[in-house]
Amino acid sequence: GQQVMQIPQYQHVQEGEDFTTYCNSSTTLSNIQWYKQRPGGHPVFLIQLVKSGEVKKQKRLTFQFGEAKKNSSLHITATQTTDVGTYFCAGSYNNNDMRFGAGTRLTVKP
Amino acid sequence: DSGVTQTPKHLITATGQRVTLRCSPRSGDLSVYWYQQSLDQGLQFLIQYYNGEERAKGNILERFSAQQFPDLHSELNLSSLELGDSALYFCASSFASGISTGELFFGEGSRLTVL
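So the sequences go chain by chain: A and B.
In the working numbering, each residue carries its 1-based index in the first sequence increased by 10.
In the working numbering, each residue carries its 1-based index in the second sequence increased by 6.
If you are wondering where the hints come from, they were derived from the structure by calculation, not from laboratory data.
Note that the structure is predicted; figures quoted are calculated from it, not measured.
Mixed in with the good hints, there may be bad ones.
Unchecked claim - To give a feel for the contact side, a few chain B residues facing chain A, derived at Cβ under 8 Å: (1) LEU49; (2) GLY58; (3) GLU59; (4) GLU60; (5) ALA93; (6) PHE101; (7) GLY104; (8) ARG117.
What the hints assert, rightly or not - With beta-carbon atoms standing in for the labels, derived distance ranges: (9) B/HIS16 / A/SER36: 37 to 43 Å; (10) B/THR26 / A/THR30: 38 to 44 Å; (11) A/GLN13 / B/LEU45: 35 to 41 Å; (12) B/THR13 / A/ASN106: 23 to 29 Å.
What the hints assert, rightly or not - The list that follows gives simulated cross-link-like pairs (lysine-lysine, DSSO-like), each with its CA atoms no further than 30 Å apart: (13) A/LYS80 / A/LYS66; (14) A/LYS61 / B/LYS63; (15) B/LYS15 / A/LYS80; (16) A/LYS46 / A/LYS67.
Yeah, the Cβ is synthetic: ideal placement off N, Cα and C, and Gly gets one too.
Required output: the full structure, derived from the provided sequences and hints.
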């Protein structure tokens, strides 16, 4: 069945290093959303990408949606300890089918 | 604060028992979604209600059921509980009927422990 694969599962970085998580689907997505879940917290919406090749930035976070709308990435520049958490992508195949990736857990060493 | 309220925050019960989790959506939101998150796992979609009616169904077990009431709050009923049902159950809400048409606002979750 349709599913969204997300890698890596874990990423440990030194503060100041960059971080990237990737999501891939075998079939075309209508859009993709990204969420962040802090340890012990609940998922919080970050952004939604809809257009092919779309790139959006939020301060140190850069989100990309692939040209074929089958993959997406979240890149964090110069990580900070406040970036710690699990980042989930959620890909939509139609209006009523959105699948979350397994998440990438980011830890940052000060 | 997302505006979504879930109760109880924590629940400990025994195998074979039945529990009810409650969710009040954000003011004005018509859709309620239920997700299950097992330890260090992703978010498994269970079910969605929109304005009182079931809208979409995910990997929800037959032992589980849900409903949305006229005041738009929702309840998730889990019965014949098994050890493997121990998880964090999130409720989320949105204004739209389609799950992918806008951001989901998640509650803080109900942590269920089955002993």
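Hint check:
Interface restraint check: B/LEU49 against chain A, minimum CB-CB distance 4 Å, threshold 8 Å, status holds. For B/GLY58, the interface hint is violated, the least distance from its beta-carbon to any beta-carbon of chain A being 16 Å, above 8 Å. Among the interface hints, the one on B/GLU59 is violated; its C-beta lies about 13 Å from the nearest C-beta in chain A, farther than the 8 Å criterion. Taking 8 Å as the C-beta cut-off, the interface hint given for B/GLU60 is violated, the closest approach to chain A being about 11 Å.
With 8 Å as the threshold, the beta carbon of B/ALA93 stays out of range of chain A, its nearest partner Cβ sitting at about 14 Å, so the hint is violated. At a threshold of 8 Å, the smallest CB-CB gap from B/PHE101 to chain A is about 13 Å, leaving the interface hint violated. Given the 8 Å rule on beta carbons, the hint for B/GLY104 holds: about 4 Å separates it from the nearest Cβ of chain A. A cut of 8 Å between beta carbons decides the hint on B/ARG117: the least distance to chain A is about 10 Å, and the hint is violated.
As the Cβ distance of B/HIS16 to A/SER36 is approximately 39 Å, the hint placing it in 37 to 43 Å holds. Between B/THR26 and A/THR30 the beta carbon distance is about 41 Å. The supplied range of 38 to 44 Å therefore holds. For the pair A/GLN13 and B/LEU45, the beta carbons lie near 20 Å from each other, so the given range of 35 to 41 Å is not met. Restraint check, B/THR13 to A/ASN106: a C-beta distance of roughly 27 Å satisfies the suggested window 23 to 29 Å.
This hinted pair checks out: A/LYS80 and A/LYS66 have alpha carbons roughly 17 Å apart, not beyond 30 Å. As the CA atoms of A/LYS61 and B/LYS63 are separated by approximately 27 Å, the hinted pair is consistent with the 30 Å bound. With a CA separation close to 37 Å, the supplied pair B/LYS15 and A/LYS80 exceeds the 30 Å bound. Restraint check: the Cα-Cα separation between A/LYS46 and A/LYS67 comes to about 15 Å, which is no more than 30 Å; the hinted pair holds.
Violation of the numbered hints given earlier is confined to hints 2, 3, 4, 5, 6, 8, 11 and 15; the remaining hints are satisfied by the structure.
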